[in-house]
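**Q** Letter by letter, the chains look like this.
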Amino acid sequence: MGDNGVAGAESIPQSKVVVYCGVCSLPPEYCEFGGTTKKCEEWLKKHHPSLHGELYSEAAIEANLSTLSLDAQKRAEKDAQKKAAKAATAEAKEVEKKAAAKVYIKRVERNKRKYVTAVAGLEEHGLELKKVAKDLGKKFATGSSVTKMAAGGEEITVQGDLTEGLLEYIVKTYKGVPEDNIECIDESKKKKAAAAAAAIAATEAGLQGR
Amino acid sequence: MFKKEIPPGTKSKVKSSVQRGIRSKAIETYPLLEPYMDEIMPKKEQLDMIKLPDRVTLYALSASPVVPLFWQHMDDPLIPHLRLVHRFPDCFHRIRIDRGAIRFVLSGAALMTPGATSPGGRLPEADGNGEEDYRYGTEELAPGTVVVVEAEGKENACMVGQLKVGTKEMKATKKGAAVEAGHYLGDGLWNLHLD
Chain A
1 MGDNGVAGAE SIPQSKVVVY CGVCSLPPEY CEFGGTTKKC EEWLKKHHPS LHGELYSEAA
61 IEANLSTLSL DAQKRAEKDA QKKAAKAATA EAKEVEKKAA AKVYIKRVER NKRKYVTAVA
121 GLEEHGLELK KVAKDLGKKF ATGSSVTKMA AGGEEITVQG DLTEGLLEYI VKTYKGVPED
181 NIECIDESKK KKAAAAAAAI AATEAGLQGR
Chain B
1 MFKKEIPPGT KSKVKSSVQR GIRSKAIETY PLLEPYMDEI MPKKEQLDMI KLPDRVTLYA
61 LSASPVVPLF WQHMDDPLIP HLRLVHRFPD CFHRIRIDRG AIRFVLSGAA LMTPGATSPG
121 GRLPEADGNG EEDYRYGTEE LAPGTVVVVE AEGKENACMV GQLKVGTKEM KATKKGAAVE
181 AGHYLGDGLW NLHLD
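Residue numbers (the UniProt record's numbering), protein chains in the order written: chain A, 1 to 210; chain B, 1 to 195.
The shape of chain B in the complex, shown without the other chains:
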């Protein structure tokens, strides 16, 4: 989605009523974020809305330096910026990809299913992934869920986006794109200069 560099778009302040709306929406989408919400988005702080190409809006905290929080394509769900994901890694649905897939993801390819179903990858399993990998959850995820993509052997997430197919289907077919048009490390959104 952000393969090309993004020219800094127009920045405008968000009304406080809209700000409340964003806040509640974020909590609704990511219930686990609730205890941290005051840290992420202090009530008194001003939010900025930055228009990006392709009808994407980025919401950022208007401090200095500016802290990017969420981005949204039209009326799709709010998707956290990777810097936010890195700060609160435990608050989102997560999957893991194997090492071989990292370089493709970081150069902007769609995440393909085999990267997540192979031995190095992790998807939510009904009977758990074992002690070590409890964090990948036990419930199957539906298409459209926002997932954070972690990588084998890495601590931080490398991509975030919406699932194109459900995890159940992924396990069954082991083929095709799993996450398309996501936000990955080193893409235009990541490198965007915000002030």
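So that you can see chain A by itself, here it is in the shape it has in the complex:
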């Protein structure tokens, strides 16, 4: 390469600042290859209107097309369409998954009258468990950690019975998690309820037996 760099002649070293698209993270001039072109264009229009004018002007688009042969153009077009379709389905899936993803808040009995509260499923909503765990620990002034579940995956374990507090806190601070998707489970109660149901059934059976 040698001594052909213009920047090398400058006295003050300075880095170039490149704008990156907020949708596909590429430099905006490459958005057209990403599959989410429409969204990228909208984003750019909103955040960098001048750049948008430059990149999406009719002249620019025409210049882009004129450098390719007709045949290649057609192929590129097809490819772009395929990519766009793929991106669209992937996104739809993601949304669906997110809507279906439940967050479970579980109270687990540790030792008579001592409880820990386990929160599972937050990672589906794009939260980072480690950070959330730390925040929870700070907020409730207790121990809080990310633990591995027996079934695979990870959950946050907070010391103490904080079912209600957690529910409120999560809904309030992490707006991405819809309240309807949060489910509180009380494990010990469930056991008791099950036991009670079993007992009732047993007595009923006994009564019938008589």
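It is worth saying that the hints were derived from the structure and are not from the lab. Watch out, some of these pointers could steer you wrong.
Said to hold, decoys possible - Residues on chain B that point at chain A, a partial pick, calculated with CB under 10 Å:
hint : residue
1    : Met-1
2    : Lys-4
3    : Gly-21
4    : Tyr-36
5    : Leu-84
6    : Phe-88
7    : Pro-89
8    : Asp-90
9    : Ile-102
10   : Ser-107
11   : Glu-155
12   : Gly-188
13   : Trp-190
What the hints assert, rightly or not - With beta-carbon atoms standing in for the labels, derived distance ranges:
hint : chain 1 : residue 1 : chain 2 : residue 2 : range
14   : A       : Glu-164   : B       : Pro-8     : 30 to 36 Å
15   : B       : Pro-143   : A       : Lys-46    : 43 to 49 Å
16   : B       : Lys-25    : A       : Ser-25    : 27 to 33 Å
17   : A       : Lys-139   : B       : Glu-28    : 47 to 53 Å
18   : A       : Val-95    : B       : Ala-142   : 25 to 31 Å
19   : A       : Ala-60    : B       : Lys-15    : 35 to 41 Å
Since the structure is predicted, the reported quantities are computational estimates derived from the model, not experimental observations. Every residue gets a Cβ at the ideal spot worked out from N, C-alpha and C, and that includes glycine.
Based on the hints, put chain B in the right spot on chain A.
**A** Using the frame of chain A, we list chain B on its own:
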């Protein structure tokens, strides 16, 4: 090389002596970076080393947000991350590909020679590429040189990697892969979450 998404690997701090080594190595490989080195890698800043799959190591500046700088496969030369290339585009060997090749590169294909030898592409020419394209240099590049691949009609680079064949050979044969296993826009390394 980074076609698949990369799971964030273990991050560890780099010893300052090793950090100095990386710094001098980077300057050795990319002499033009020297005046900018203090901006890229301030002496006081902590470097992070992140292990990636396939024995690739990524060096990043431990600020917030983390700034990825160079990656290295085993003991191959340090290769700049594209975000660094975008900041200092004039400090590396460059070639240019035509417009038709962009979409293949961005979907992870190896860069094939015709993309660079066609009218839209640029390679270093002994008699220069003309006023406008002086930046592609005049010296032929040897195989193994780290090149930044720019694209016709685009301002920023789209790929960076090691040349598989020299530019002289490329011009002679006009066939085969030119850059394999590079780092391109939108690949796993580009999309890697670092904090």
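**Q** It remains to establish, for every hint, whether it holds in the given structure.
**A** Okay, the hints, checked on the actual structure:
Taken as an interface hint, B:Met-1 does not check out: its beta carbon lies about 18 Å from the nearest beta carbon of chain A, beyond 10 Å. Hint status for B:Lys-4: violated, given a least beta-carbon distance of 15 Å to chain A, over 10 Å. For B:Gly-21, the shortest C-beta to C-beta distance to chain A is roughly 22 Å, which exceeds 10 Å, and the interface hint is violated. The interface hint given for B:Tyr-36 holds, since its Cβ lies 4 Å from the closest Cβ of chain A, which is under the 10 Å cut-off.
Because the smallest distance between the Cβ of B:Leu-84 and any Cβ of chain A comes to about 9 Å, under 10 Å, the interface hint for this residue holds. The criterion of a C-beta within 10 Å of any C-beta in chain A is met by B:Phe-88, whose closest approach is roughly 6 Å, and the hint holds. The beta carbon of B:Pro-89 comes within 7 Å of a beta carbon in chain A, closer than 10 Å, and the hint placing it at the interface holds. Interface hint status for B:Asp-90: upheld, as the beta-carbon distance to the closest one in chain A is roughly 4 Å, under 10 Å.
A least Cβ separation of about 6 Å between B:Ile-102 and chain A falls short of the 10 Å threshold, and the interface hint therefore holds. For B:Ser-107, the suggested interface contact is upheld, since its CB lies about 8 Å from the closest CB of chain A, less than 10 Å. Annotation: interface hint on B:Glu-155 holds; nearest CB of chain A at approximately 6 Å, less than 10 Å. With its C-beta approaching chain A no nearer than about 12 Å, B:Gly-188 sits outside the 10 Å limit, and its interface hint is violated.
Given the 10 Å rule on beta carbons, the hint for B:Trp-190 holds: about 7 Å separates it from the nearest Cβ of chain A. Range check, A:Glu-164 to B:Pro-8: Cβ separation about 34 Å, and the 30 to 36 Å hint holds. As the Cβ distance of B:Pro-143 to A:Lys-46 is approximately 45 Å, the hint placing it in 43 to 49 Å holds. Between B:Lys-25 and A:Ser-25 the Cβ separation comes to about 29 Å, which falls inside the hinted range of 27 to 33 Å.
At roughly 50 Å, the beta-carbon separation of A:Lys-139 and B:Glu-28 lies within the given 47 to 53 Å, and the hint holds. Take A:Val-95 and B:Ala-142: their Cβ atoms lie about 50 Å apart, and the range 25 to 31 Å is violated. A hinted range of 35 to 41 Å is violated for the C-beta pair A:Ala-60 and B:Lys-15, which are about 49 Å apart.
Of the numbered hints stated above, those contradicted by the structure are hints 1, 2, 3, 12, 18, 19, listed in ascending order.
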